[in-house]
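Line order of the protein sequences matches chains A and B. Residues 1 to 495 in the numbering used here are what the first sequence lists, from first letter to last. Residues 1001 to 1466 in the numbering used here are what the second sequence lists, from first letter to last.
It should be emphasised that the hints constitute simulated quantities derived from the structure, not laboratory data. Incorrect hints may have been included.
[Unchecked claim] The list that follows gives simulated cross-link-like pairs (lysine-lysine, DSSO-like), each with its CA atoms no further than 30 Å apart:
| # | chain 1 | residue 1 | chain 2 | residue 2 |
| --- | --- | --- | --- | --- |
| 1 | A | 16 | B | 1360 |
| 2 | B | 1035 | A | 259 |
| 3 | A | 207 | B | 1331 |
| 4 | A | 128 | B | 1168 |
| 5 | B | 1035 | A | 207 |
| 6 | A | 207 | A | 259 |
| 7 | B | 1035 | A | 395 |
[Said to hold, decoys possible] Derived coverage of chain A by chain B (criterion: at least 3 residues anywhere in the stretch with Cβ under 8 Å from a Cβ of chain B; other residues may be distant):
| # | stretch |
| --- | --- |
| 8 | 138-148 |
| 9 | 254-265 |
From the three backbone atoms N, C-alpha and C, an ideal C-beta is built for every residue, glycine too.
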Amino acid sequence: MADLNLREPLIFELSKPGRQARSQFPPQPSVPESAPATWDIPAHLRRGAPPPLPEVSELQAVRHYTRLSQLNFSIDTHFYPLGSCTMKYNPKACNAYAMLPEFLGRHPLALEPQGFLACMYELQEMLKDITGMQRVSLTPMAGAQGEFAGVAMIRAYHRERNDAARRQIIVPQAAHGTNPATAAMCGCSVTEIPCDRNGDIDIEALKSAVSHETAAIMLTNPSTLGVFEHRIEEVARIVHDAGGLLYYDGANLNAILGKVRPGDMGFDVIHMNLHKTFSTPHGGGGPGSGAVGVGPRLSPFVPVPLVGKDGERFHWLTERDVPQSIGRLSGFMGNAGVNLRAYIYMRMLGREGMVRVAEFAALNANYLMKRLIQTGYEAAYPMRRASHEFIITLKQENRRYQVTAMDVAKRLLDLGFHAPTTYFPLLVPECLLIEPTETETKEELDHFCDAMAVIRREMEREPEKLRSAPHTMPVRRLDDVRAVKHLDLAWKPAA
Amino acid sequence: MPFIPHTADDIARMLQVIGAQSIDDLFDEIPPALKTAALHDVPPALSEMEVGRLLTERALRDGRPLNFIGAGAYEHHIPAPVWAIATRGEFYSAYTPYQAEASQGTLQLIYEYQSMMCALTAMEVSNASLYDGASALAEACLMAVRANRGSESRRILLPLTVNPTYCKVARNITGNQQVEFEAVNFDRRDGRVPLRALQAYEGQDFAALVVQHPDFFGNLEEVDQLTDWAHANKMLVIAVVNPIALALLKPPGEWGGLAGGTRGADIVCGEGQPLGVPLASGGPYFGFMATRMQYVRQMPGRIVGGTLDIEGRPGFSLTLQAREQHIRRSKATSNICTNQGLMVTAATVYMALLGAAGLKRVAAASAQRTADLVRALCQISGVSAAFDAPRFHEAVLLLDRPVAPVLAALAERGISGGLDLCASHPELGHALLVCATETKTDADIDVYARALADIMRPVRVVRDSN
Chain A
1 MADLNLREPL IFELSKPGRQ ARSQFPPQPS VPESAPATWD IPAHLRRGAP PPLPEVSELQ
61 AVRHYTRLSQ LNFSIDTHFY PLGSCTMKYN PKACNAYAML PEFLGRHPLA LEPQGFLACM
121 YELQEMLKDI TGMQRVSLTP MAGAQGEFAG VAMIRAYHRE RNDAARRQII VPQAAHGTNP
181 ATAAMCGCSV TEIPCDRNGD IDIEALKSAV SHETAAIMLT NPSTLGVFEH RIEEVARIVH
241 DAGGLLYYDG ANLNAILGKV RPGDMGFDVI HMNLHKTFST PHGGGGPGSG AVGVGPRLSP
301 FVPVPLVGKD GERFHWLTER DVPQSIGRLS GFMGNAGVNL RAYIYMRMLG REGMVRVAEF
361 AALNANYLMK RLIQTGYEAA YPMRRASHEF IITLKQENRR YQVTAMDVAK RLLDLGFHAP
421 TTYFPLLVPE CLLIEPTETE TKEELDHFCD AMAVIRREME REPEKLRSAP HTMPVRRLDD
481 VRAVKHLDLA WKPAA
Chain B
1001 MPFIPHTADD IARMLQVIGA QSIDDLFDEI PPALKTAALH DVPPALSEME VGRLLTERAL
1061 RDGRPLNFIG AGAYEHHIPA PVWAIATRGE FYSAYTPYQA EASQGTLQLI YEYQSMMCAL
1121 TAMEVSNASL YDGASALAEA CLMAVRANRG SESRRILLPL TVNPTYCKVA RNITGNQQVE
1181 FEAVNFDRRD GRVPLRALQA YEGQDFAALV VQHPDFFGNL EEVDQLTDWA HANKMLVIAV
1241 VNPIALALLK PPGEWGGLAG GTRGADIVCG EGQPLGVPLA SGGPYFGFMA TRMQYVRQMP
1301 GRIVGGTLDI EGRPGFSLTL QAREQHIRRS KATSNICTNQ GLMVTAATVY MALLGAAGLK
1361 RVAAASAQRT ADLVRALCQI SGVSAAFDAP RFHEAVLLLD RPVAPVLAAL AERGISGGLD
1421 LCASHPELGH ALLVCATETK TDADIDVYAR ALADIMRPVR VVRDSN
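Next up, chain A with everything else stripped away, as it sits in the complex (with noise of 0.2 Å):
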């Protein structure tokens, strides 16, 4: 039908030899006395044939860029259930101020910029704050580089007490992928330990785990099953008791904002990610941000730089300032327009509005599980309060009409949704993992119900439009068996 008209040519394809943008060439300068400068450039180092690039106008350019956009599902165009990501509004204001000429063209080196710093400062206060810490850095770029962070800080901790041989990093079986590959990259091993009935952590299990080896413990709570770990004082003393440190993975915190704090839990270390609870844009995967917050025991180790006061002046914390520090993880001082963001986002919502995140995105998450199991779907944790997430077990469905979690991902794509997480915590068979957040409206929340009743009705009677789907995509269900046997990984030029 008209599916091939939803098909945008890449912008090679739209590429003529010898057409121009030309508004966005500078102007050649004038040359006066000597030859231009890259005359001096010698043969051997210059450039032969030019770099086959497309050749396109701005209107092109634009129109194609904007066309594909069009192909994509987002916050601002569709409900984004997507489980451990909170995927909650991003408010424009945040964008706005932090776009702001004075902000963006600020050179990272140029001398202190009193204005963007205050700014930094405020935040690291009110992250302070919010999670019990008694150390904030800005520094890490993304999640992983806040658990690198972390990891890296409580390697240094060890080795400073004399104590390097603690190489050990336990996990519960469901956490993050990037838990494990973090304590990889920071010379550790892993073990995980499992999950009881209830979700939670198997104490005896954790008991027998520990040892003189044990470098830490890393944790979310929230965990990535959907529930809060009540006994989370009682793995403390058992961690802290082996000598090892707890680590608060962040990517939950927007359960419990302003409600628990890590540090009052007994952590020692967590990193945020400020696009997910602080709501600065996901950009299609990134850029994220990582703050890491750290209580006494980690406090000297934090990494560079940091923001510091000296009466009415801010200036950057160096390695020289904090000498025992893992030192600085990027070129410059991290995503400092992701933290701007933050920021701002902060300042809106206020104190008294940090609570009411977590509240609302508890009771947007307890409301969407209650309505699913009246529509038929199986929770994982029923007996649970839902934190801010839940899981939805599709192990019935599967076995009864041979559909997946994929395929009801896929089809609800059709109906107007972006999918939950899937197959993911890995624990749990086929499942979907249901982030709602406090940004959705009741309503949003009752029409994805209503296409989950429609899903499950098509499971009854015809599954066959389940397994095919998508329908009403630009594409249909994609091959990625074949995407890895025929690497297709750029474009080429016609030889």
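Start from chain A and add chain B according to the hints.
This is chain B only, laid out in the frame that chain A set:
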């Protein structure tokens, strides 16, 4: 309530469905002793208008200095369409394209980006971005250790012409994996890595040699010689390059191969910021990485590939995910998950608008402006160029006095005059790294030169009477 849409009626109905009395009930699994008292360091909420006023005041306090600093972040003109496109909600507020069918826009854009980076670097494959240039070098070093099957070593040769912050970051990120770096000296006359400095390492086992080009001082290295030397000694070559410069300079994929050795660098990385990303106090930027097809499975970060759907129509999806943390967990090539997608969106639009001809003009104009700047400043008594090598768009100047007070005096006149190298390269003396791009006019250069001449004016013993 900011950004929360619930009415009193909604709340009542939702609680009824849940079977809870109050919202507080939803938190009844949290031990009461752990519950937080009120926050005290978060101030009360501001409206959008109030926050706008606050931020505008702070921005104005920072002002807009005339910038001559480079050192890894470069001021280029950013065409208006770049951020008009990148801030479209469909790109700005989407997530990583895990649901490929609902993310074809982002996926195709990344595929185009990968293609453009391959074109610029003359390499076979590119990933979808890393955090920034410095962390990209760290990842490149880890990748080289994995990929160099001919070497048992975890040691890497790292010349002192590489950006010193990149060196620090590479050490900080790879340190817990026992990667070691050997610093290689540069020639004090031309500021480049001479072959003779490498000869001491011949016959030793190293995984890779890092070559930054143009180097931290802005000089052009003898990349062919360095590449051939590394390959002859069974090392991989990690190229750290400026993407804008590649419109003008021989791309890393074509380095070396003169004496019948392997042609081209093996891993290419760098800072993508010059391609349409604002300076913005240091980020967000993006790191890029490209390599040979034979090493693609050792490359960190996301990669987009073309494939077909069940009806045989072309489409795009994330591919080679078996390298990544969400599948491979502790055996992954890196822990990276979120990358710098939105910056890649900007860079792709930027490259599409400029094309090869436009990028070359930007590169040539920047080189010309820097030449003009160096000529103008070196006419001032007490200022000279540190090195006599061919350069791109940065240069080291030597002053006859400490740099910091001079920069402070320039800052008072609204000029960001460059980077003081006294901390990173004390052996150079009073060294100042300056940069001028196509954004600088004759008048701008004149403003800088006059201000510097005034500041550097010899102190007169006897004042003129007037």
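### Query
Of the numbered hints stated previously, which ones are contradicted by the structure, given in increasing order?
Violated: hint 7 alone.
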